[in-house]
Structures are given as C-alpha cells and as structure tokens.
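S.K.: Here's the letter readout for the chains.
2 protein chains.
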Amino acid sequence: MNKVEPRTLPGFMELLPKEQILFNQMKEKIQKSYERFGFLPIDTPIIEMADVLLAKAGGETEKQIYRFQKGENDLALRFDLTVPLAKYVTQYYNELSFPFRRYQIGKVYRGERPQKGRFREFYQCDIDIIGDNELNIINDAEMPSVIYHTIKELGFEDFTICMNNRKLLTGLFEEIQVEEKSVDIMRIIDKLEKIGKENVIACLKDLELEDEKIKKIMQFIEIEGATDEKLQALENLNFTSETFNQGLQELKEVVKYVRIFGIPDSKFKVDLTIARGLDYYTGTVYETFLNDYREIGSVCSGGRYDNLAEYYTDRKLPGVGVSIGLTRLFYKLNELQAMQEAQKSIAKVLVVSMVDDKTKAVEVATTLRKQEIPTEVYLEDKKIKAKFKYADKLEIPYVIVIGEEELQNNTVTLKNMETGEQETLTLEETIKIIK
Amino acid sequence: MNKVEPRTLPGFMELLPKEQILFNQMKEKIQKSYERFGFLPIDTPIIEMADVLLAKAGGETEKQIYRFQKGENDLALRFDLTVPLAKYVTQYYNELSFPFRRYQIGKVYRGERPQKGRFREFYQCDIDIIGDNELNIINDAEMPSVIYHTIKELGFEDFTICMNNRKLLTGLFEEIQVEEKSVDIMRIIDKLEKIGKENVIACLKDLELEDEKIKKIMQFIEIEGATDEKLQALENLNFTSETFNQGLQELKEVVKYVRIFGIPDSKFKVDLTIARGLDYYTGTVYETFLNDYREIGSVCSGGRYDNLAEYYTDRKLPGVGVSIGLTRLFYKLNELQAMQEAQKSIAKVLVVSMVDDKTKAVEVATTLRKQEIPTEVYLEDKKIKAKFKYADKLEIPYVIVIGEEELQNNTVTLKNMETGEQETLTLEETIKIIK
Numbered sequence: 006m007n008k009v010e011p012r013t014l015p016g017f018m019e020l021l022p023k024e025q026i027l028f029n030q031m032k033e034k035i036q037k038s039y040e041r042f043g044f045l046p047i048d049t050p051i052i053e054m055a056d057v058l059l060a061k062a063g064g065e066t067e068k069q070i071y072r073f074q075k076g077e078n079d080l081a082l083r084f085d086l087t088v089p090l091a092k093y094v095t096q097y098y099n100e101l102s103f104p105f106r107r108y109q110i111g112k113v114y115r116g117e118r119p120q121k122g123r124f125r126e127f128y129q130c131d132i133d134i135i136g137d138n139e140l141n142i143i144n145d146a147e148m149p150s151v152i153y154h155t156i157k158e159l160g161f162e163d164f165t166i167c168m169n170n171r172k173l174l175t176g177l178f179e180e181i182q183v184e185e186k187s188v189d190i191m192r193i194i195d196k197l198e199k200i201g202k203e204n205v206i207a208c209l210k211d212l213e214l215e216d217e218k219i220k221k222i223m224q225f226i227e228i229e230g231a232t233d234e235k236l237q238a239l240e241n242l243n244f245t246s247e248t249f250n251q252g253l254q255e256l257k258e259v260v261k262y263v264r265i266f267g268i269p270d271s272k273f274k275v276d277l278t279i280a281r282g283l284d285y286y287t288g289t290v291y292e293t294f295l296n297d298y299r300e301i302g303s304v305c306s307g308g309r310y311d312n313l314a315e316y317y318t319d320r321k322l323p324g325v326g327v328s329i330g331l332t333r334l335f336y337k338l339n340e341l342q343a344m345q346e347a348q349k350s351i352a353k354v355l356v357v358s359m360v361d362d363k364t365k366a367v368e369v370a371t372t373l374r375k376q377e378i379p380t381e382v383y384l385e386d387k388k389i390k391a392k393f394k395y396a397d398k399l400e401i402p403y404v405i406v407i408g409e410e411e412l413q414n415n416t417v418t419l420k421n422m423e424t425g426e427q428e429t430l431t432l433e434e435t436i437k438i439i440k
Numbered sequence: 006m007n008k009v010e011p012r013t014l015p016g017f018m019e020l021l022p023k024e025q026i027l028f029n030q031m032k033e034k035i036q037k038s039y040e041r042f043g044f045l046p047i048d049t050p051i052i053e054m055a056d057v058l059l060a061k062a063g064g065e066t067e068k069q070i071y072r073f074q075k076g077e078n079d080l081a082l083r084f085d086l087t088v089p090l091a092k093y094v095t096q097y098y099n100e101l102s103f104p105f106r107r108y109q110i111g112k113v114y115r116g117e118r119p120q121k122g123r124f125r126e127f128y129q130c131d132i133d134i135i136g137d138n139e140l141n142i143i144n145d146a147e148m149p150s151v152i153y154h155t156i157k158e159l160g161f162e163d164f165t166i167c168m169n170n171r172k173l174l175t176g177l178f179e180e181i182q183v184e185e186k187s188v189d190i191m192r193i194i195d196k197l198e199k200i201g202k203e204n205v206i207a208c209l210k211d212l213e214l215e216d217e218k219i220k221k222i223m224q225f226i227e228i229e230g231a232t233d234e235k236l237q238a239l240e241n242l243n244f245t246s247e248t249f250n251q252g253l254q255e256l257k258e259v260v261k262y263v264r265i266f267g268i269p270d271s272k273f274k275v276d277l278t279i280a281r282g283l284d285y286y287t288g289t290v291y292e293t294f295l296n297d298y299r300e301i302g303s304v305c306s307g308g309r310y311d312n313l314a315e316y317y318t319d320r321k322l323p324g325v326g327v328s329i330g331l332t333r334l335f336y337k338l339n340e341l342q343a344m345q346e347a348q349k350s351i352a353k354v355l356v357v358s359m360v361d362d363k364t365k366a367v368e369v370a371t372t373l374r375k376q377e378i379p380t381e382v383y384l385e386d387k388k389i390k391a392k393f394k395y396a397d398k399l400e401i402p403y404v405i406v407i408g409e410e411e412l413q414n415n416t417v418t419l420k421n422m423e424t425g426e427q428e429t430l431t432l433e434e435t436i437k438i439i440k
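Sequence lines, in order, name chains A and B. Be aware that the first sequence starts at 6, since it is given in the numbering used here, and climbs by one per residue. Be aware that the second sequence starts at 6, since it is given in the numbering used here, and climbs by one per residue.
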C-alpha cells in the first residue's frame, strides 16, 4: 500500500507527552487563578461567519486570517478571543449579568509567515470585565492583581507589571497640537527600549516635528523615579489638556487601588512609554515582564477600552482585560530552560506482575485508583528489565512488584524509582507511603 | 456606523456561563478519571494537511470535512481524534514508550446537515492504548473499567457497558459462508433493537440468503441469558471457524478480567448484536448506555483494532480505545433535565461595600482569595438591591457586606444567599463558615 507521510504543519506546536503534561499544568494554573477572582468561563466556536469576525478587522489581520467557503457560507477561524467576546456579549446581552467577568482559554489562528517561536495556532488565556454603559476605574486595578497572582502561581517571583494610561499620551499630543501624527509618534515611542533615545529623536524629526515639541515628548517619556515621584512629575508638567489630566487622575486611582489589592511596589511600575501599539485601548494599559527573561517580551498584556462591540451594537460596553499568550510563553520558557519544577508523569505508580496471572496486579491497581492515586498496570508479557525501563522513561515515581512470594504473603514490593530503595510491605502501608 | 449582526453558526454549541460551568465540570471529571488510569495527554493541531487527514477516509467523511486552501497548502480540520493519533504515533514512534496510553480531549469538526442535537463542532474525549506489534487482551478489559469509573464520576449509577467481539460475527459468516455479504449483514444486525426481529429477517431475505443461513444468524444474535450462560451458549454452537473460536476465547478472557477489575456483573453485559457499524474495529467492541436515558444512544463507544496507522507506516500498531462524545451527551442530558447536581457558580463569595471607599472590600476579597476561596468584589456604584440581584442571578452562595458599622468594629456581615440568614462576624469566623 502507498503510505502517506505523516507530518504536522509548520507553525503548529505539537508536544511530546512529557512536555504536554507541563503545558497542561500551566494552563490549569492560569484557569484556577482566573476562577479565584470569580471570572466565568465561556467557550465560543473556533469557526465563525467571516463577516462577523472581520467586522472590526483590517490590514494585517485580514491577510493572516484562515478564511474559506463551506457550502454557501463564508467562514473564518477566530484570530483572537476579543472579537468572539464582543459577539457573545452583544448576542446574549439580556441573559448576562453586568459587570460581566469572563475568562476564555482557547486556540486562535493566524496564518503568519512561519518563523522560529511564532505560531499559527496558539492558546490565548483571556480575562475581561465588561460594564454596561460604565465600568468603575477600580476594575483597572484588579487586572494587575490577577496578573500578580497568576504569574506567581506559574512559579515566577521576579517580574514587573508595567502600567500606563493612553490618555496621558493622547493628552500630550493635544497639549503640543500634534494629534494628527499621534499614531506615528506612538509607534516610535513604543520602540524607545529597542532603539534608544537618540534614534527616537531622529525618527520624530523625520515626522517634521518642531524641536520644542520633540523636547516636550522626550521630557514626558523620560520621566524617571519611583511610582509616586513619577505621578508628581506628571502633575508638575501643569498641562492644561483635559484628556491628560483625566488620564493622570485615572492612573493615580489605579496605583492607589493596586496597592490596596496587596501588590507590593516592587512588582509594579508606571511606564510612560507603553502605548500597546495600534490596539484599541483607550485608558489604562498593561505589560508584564519576567525580569530574568526580558527577551521573551511581555507575557501578559492588555488594557481598558471604551467600547467593546461598537461594530455590532449601539450599546456602550466599556471593558478592561488582559491576555496571556500561553503557547509562545511555554515555547520560550522551554527554550530558555526556565520551566518551573513540576510533576513530570501522570501515573504515580506502575504495577508490575512477575507471575503470569495478572489478577493480583489488577486488583492492587484498582485499590490504588480508588484512593485517587493515578496508577498504571503493565499488562504486556515482557522481561522485567523492559518493565522497569518503561517506568523509568515515563518518570513514574513508584513501581509495585508482585511476585510469587508477595502473592503468598499478601504483600507487595514497593520500589522508589528516584532513590532506588525498595521494601516489602502490606498494601495499606504502601498506600500511606505513596500518598 | 453600519452594524454587523452578531450570530453563531448553526450546529455550533455556544453556552451561557452557567451551562458552561456544568460542561467544564463534566470535562474535568472525565480528564481526571482518565488520568487516574495513567493515560498521558496529547494535544494535536486542529488543522492538518488534507492528504494526511484523509489518508484513510472516504465516503461520508470526505463529504463532511472542512477543507480549504491557505497559500499553497491543502488543509483540513480534524474530524476525529483517531487519525491525528495515528499520525502522532507514527511521527514520534522513537520517542514514545509502548504500550502508549494517551488521552485527548478536544474539538473536532464535521460539516453535517444541521439538525437538532447534531453538532458540526463537538468535543471528543478519547483514550487509546497502542501496542508496538502486539497488545495484551487484558487491555480490552481495562477499557470497561475506565468507562465504569468515568461514568460514575459523572454522577450516573444506572448504566450498562455492552461488549461484543467482532470475530464472533466474522466467524459466523465464515461458518455459513456468507463473508462477501458480511458488511450488509452487520449493518442489518446492528439495527435489531431499532427495527425488531421480523424486519431483520425480512432485510436478510432481501440479501437473498438461504433460510437455513438466516436461521443460524438469528440463533446467534438471539442468544439470551446471563453473561456466563451466553458464553456457554456460544461454546455450544460448536462452530469450527477459527475466527469464531478465537473471538470466543478473547471475549471469555475480557469478561474474566473485567470482573477482576472490580466491575459488578450488573454493570456490564455481552451483547452479540453490537457490531459498531462500518468502523475499523477487529475484536472487542463496546457501547455504553444510561439505562434511564436509552434514547441518548451509546454515551461511550469504542473497540479493538489490529492496525492503527497502516496508511502511514508498515509497523503493526494494534490498539484499543473508547470515546465519549461530550458535546452531544451534554446537550441531551440538558434537554432531558438529567444533568447531575453540581456547583453552579465560580465565585463562592461576593463582597459588597455599603460605603463609597472600597478599600476594606478589596482587602477582604484579597484575604479570601489567599485562602483559595473564589471571590468577587462588586466594584460598581449601584444601589444595594442591584448588588444582591447580581449575586442572586449568578447563584453566588455567600455575600459579605461591609458598612459603616462593620468598618468601625472590624467585622463583616455574612449573608447565606440560600437560607437568607445573615450574621455579623469577624473575618476569621467568616472564612471558617465559607470553607
């Protein structure tokens, strides 16, 4: 028979079971952390009508999208979890309670040019809080609290949650009357860390900004100091722009409540250069960095938006949310060997029979499983060496051996695969040790 | 602005949060049960190369598949989790340990004609054990054990796991020399329960089978009695077909070990009519019915196959597995109001502030969350009635109220939303009650 070559598409992550165990643990920790803050689960389809998904899109997104016909329908695969949320909230508005706090963890699709560390299928882990017409600014302070606890759950201690408010930048542009160039300026500012101060100035000059205006921009984005010093420095600029002053008030309120949420000053900072590119954010914005692995980029980002679903409804639905790109994060942590210690096997015990009749082995496994101990019986007729090799390869921590002697004495022999120690015990004693 | 109408494709299940919580609980129970048997997780892409996915397919499957071009690639969405498993095992053969025990829970896609209770996107929850060249028959007895514990985990007590062996039917056809009509005959037999004995005989006559042959078929499928009586009756047929006798030996061995795995006789039976249609099974086959909800059909089916990946490799990879179609099962249970009692909210507590400053409310929530109690703070400035209505709609079991008095006395007022009782307590006492 002609064989087809089995292969996986480039840009699609496919893990071996041992890595998958780690990946799933991260996913479950994120989910559990989100649930501790009372976020509700939703699970929208991966396929949607193309016109629904693309109501808001354009440019890059449209080029990257997986879009196809099925029968008479023009379909597409979701490219994020925000558009499906907007759809969902509009569709089920009357059945939902607001503020609507939802999490969604699922795969999204972008047909990017494949390159190392970029994926075409990847998990996003999103939380959002959607208000009905209005949403208290304290919600903007709860987001860093969720980030803080989630990143800690994942095993990281040294990280920084960076916050800014887009209104400060927008207000600055109003103040120096360069609103029409704001998108370009923001894009340049966003690169400060990457290209350095001199290059930022050069790029701004290319936009034909007057020197004095460039000076004001640089003064603004170069404000240094501790959080309260920065807030004071912003105050001291004495800008008259209403947008600017609103942004400043919001940022101060967020900082105040972030502290009340119990986040230490060492774990967050105000970073005036964060603009979150061309995204649809209108107020608070967030980026989160693992300080030992800055090269990964932001591991959790998001922000406040005035209007979630304006393409679907006239209702005003302001919201705030953040997202973890889990597939990329996992890939990078794995590459940097920065994965946190974790359980490596599913089964905690492998039961091995030295006699042909596997009755006792099966009975022992059934007893352990009733005690909620994940257990596997080795059922194949192989040499004892092969059986231990199997446990070894799967990193199963305990092997229970049942031979003639154990059968006669109603005992089992328990081998600790890490230490190599083994002892003959009653099943009761064995269960105690394993637990 | 022109609005796009937000809508979900027909045949795609989209749940409200309260239903989603129930759905996720079922999914997690299944996962936990699979893990207790030591199955390893894998997570293959939803998109694959069309030639890889369709290597084995044909007929109905090809018509239903979501297939499309992206750039130069001919792609398709997976329509089950078995083909991706075959691909995976072949691809990573050298890195896997055999027997390879894997579970996968994920969405699959079939563009069926939409009708009530049929879905185009649905979750399958699969386990399979793949042997390298051979696989002990005891594995066939472990499957019912996994089914038994999983269905019990889902909260059902009254169910029957039906088992058969395809070799019995194949052997019967050899015995009466009607092999060339076996596919048609099996299809008819499979309908016994639906269409009744007389119609089965009529259909068999339409195949131009001689009366004596029809008699033998009916004798076979009408064997009645308890499990051991059935096995004895099969023995008594004294068929000479080797296939038949091999099937009988296998079935006897499976029954023997199913009992050793601790499954009571009341929960399984030998059902000689089960053929699993045109599937690729070659030995043991399973179907599972909830006795109070027979109309749902089999909720967990599967079987033994000689060769998992013959379209990809010359290696012989025999396996045995079962699958739960979770989306359909959930839909049907919901429709029949047969869903088992379960937690209905994510948050266990809603913290509500009666004073403008929400500092204390946030602090209380942070304390509860540290105690792993899922907690939400109501942050919007609404009337107290609206806040309680919110807790009520989301079925959050406890509300903690913080007013002037509580602030002064460093207490909180805890309201049990089910009983309506409320008392003023220290935070410590409150945590104890909630836990």
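Everything labelled a hint here was simulated from the structure, so no lab data went into it. All C-beta atoms in this analysis are idealised placements derived from N, C-alpha and C, irrespective of residue type, glycine included. Hints are supplied without guarantee of correctness; some may be wrong.
What the hints assert, rightly or not - Per the computed footprint, the stretches of chain A lying under chain B, defined by three or more beta-carbons under 8 Å from a beta-carbon of chain B, are:
no.: 1; segment: 90 to 96
no.: 2; segment: 142 to 154
no.: 3; segment: 180 to 194
no.: 4; segment: 213 to 226
no.: 5; segment: 311 to 318
no.: 6; segment: 371 to 378
no.: 7; segment: 393 to 399
Said to hold, decoys possible - Below are the DSS-like pairs computed for lysine-lysine, each with C-alpha atoms no more than 25 Å apart in a straight line:
no.: 8; chain 1: A; residue 1: K34; chain 2: A; residue 2: K157
no.: 9; chain 1: B; residue 1: K218; chain 2: B; residue 2: K196
no.: 10; chain 1: B; residue 1: K337; chain 2: B; residue 2: K23
no.: 11; chain 1: A; residue 1: K388; chain 2: B; residue 2: K349
no.: 12; chain 1: B; residue 1: K392; chain 2: A; residue 2: K349
no.: 13; chain 1: A; residue 1: K321; chain 2: B; residue 2: K398
no.: 14; chain 1: A; residue 1: K272; chain 2: B; residue 2: K61
no.: 15; chain 1: A; residue 1: K375; chain 2: B; residue 2: K272
no.: 16; chain 1: B; residue 1: K388; chain 2: B; residue 2: K398
no.: 17; chain 1: B; residue 1: K392; chain 2: A; residue 2: K321
no.: 18; chain 1: A; residue 1: K8; chain 2: B; residue 2: K68
no.: 19; chain 1: B; residue 1: K68; chain 2: A; residue 2: K37
no.: 20; chain 1: B; residue 1: K61; chain 2: B; residue 2: K37
no.: 21; chain 1: A; residue 1: K157; chain 2: A; residue 2: K202
no.: 22; chain 1: A; residue 1: K257; chain 2: B; residue 2: K220
no.: 23; chain 1: B; residue 1: K121; chain 2: B; residue 2: K186
no.: 24; chain 1: B; residue 1: K420; chain 2: B; residue 2: K387
no.: 25; chain 1: A; residue 1: K23; chain 2: B; residue 2: K274
no.: 26; chain 1: B; residue 1: K365; chain 2: A; residue 2: K274
no.: 27; chain 1: A; residue 1: K375; chain 2: B; residue 2: K32
no.: 28; chain 1: A; residue 1: K437; chain 2: A; residue 2: K349
no.: 29; chain 1: B; residue 1: K353; chain 2: B; residue 2: K321
no.: 30; chain 1: B; residue 1: K196; chain 2: B; residue 2: K220
no.: 31; chain 1: B; residue 1: K186; chain 2: B; residue 2: K272
no.: 32; chain 1: A; residue 1: K321; chain 2: A; residue 2: K353
no.: 33; chain 1: B; residue 1: K37; chain 2: B; residue 2: K321
no.: 34; chain 1: B; residue 1: K394; chain 2: A; residue 2: K321
no.: 35; chain 1: B; residue 1: K121; chain 2: A; residue 2: K32
no.: 36; chain 1: B; residue 1: K218; chain 2: A; residue 2: K353
no.: 37; chain 1: B; residue 1: K261; chain 2: A; residue 2: K392
no.: 38; chain 1: A; residue 1: K34; chain 2: B; residue 2: K353
no.: 39; chain 1: A; residue 1: K37; chain 2: A; residue 2: K349
no.: 40; chain 1: B; residue 1: K32; chain 2: A; residue 2: K37
S.K.: Compare the structure with each hint and give your call.
M.R.: Going through the hints against the structure:
no. : hint            : result
1   : 90 to 96        : holds (count 5)
2   : 142 to 154      : holds (count 5)
3   : 180 to 194      : violated (count 0)
4   : 213 to 226      : violated (count 0)
5   : 311 to 318      : holds (count 5)
6   : 371 to 378      : holds (count 4)
7   : 393 to 399      : holds (count 3)
8   : A/K34 - A/K157  : holds, 10 Å
9   : B/K218 - B/K196 : holds, 18 Å
10  : B/K337 - B/K23  : holds, 16 Å
11  : A/K388 - B/K349 : violated, 50 Å
12  : B/K392 - A/K349 : violated, 44 Å
13  : A/K321 - B/K398 : holds, 22 Å
14  : A/K272 - B/K61  : violated, 54 Å
15  : A/K375 - B/K272 : holds, 18 Å
16  : B/K388 - B/K398 : holds, 16 Å
17  : B/K392 - A/K321 : holds, 21 Å
18  : A/K8 - B/K68    : holds, 22 Å
19  : B/K68 - A/K37   : violated, 40 Å
20  : B/K61 - B/K37   : violated, 31 Å
21  : A/K157 - A/K202 : violated, 33 Å
22  : A/K257 - B/K220 : violated, 87 Å
23  : B/K121 - B/K186 : violated, 34 Å
24  : B/K420 - B/K387 : holds, 19 Å
25  : A/K23 - B/K274  : violated, 37 Å
26  : B/K365 - A/K274 : holds, 23 Å
27  : A/K375 - B/K32  : holds, 20 Å
28  : A/K437 - A/K349 : holds, 21 Å
29  : B/K353 - B/K321 : violated, 52 Å
30  : B/K196 - B/K220 : holds, 17 Å
31  : B/K186 - B/K272 : violated, 34 Å
32  : A/K321 - A/K353 : violated, 52 Å
33  : B/K37 - B/K321  : violated, 30 Å
34  : B/K394 - A/K321 : holds, 22 Å
35  : B/K121 - A/K32  : violated, 33 Å
36  : B/K218 - A/K353 : violated, 53 Å
37  : B/K261 - A/K392 : holds, 24 Å
38  : A/K34 - B/K353  : holds, 18 Å
39  : A/K37 - A/K349  : holds, 20 Å
40  : B/K32 - A/K37   : holds, 15 Å
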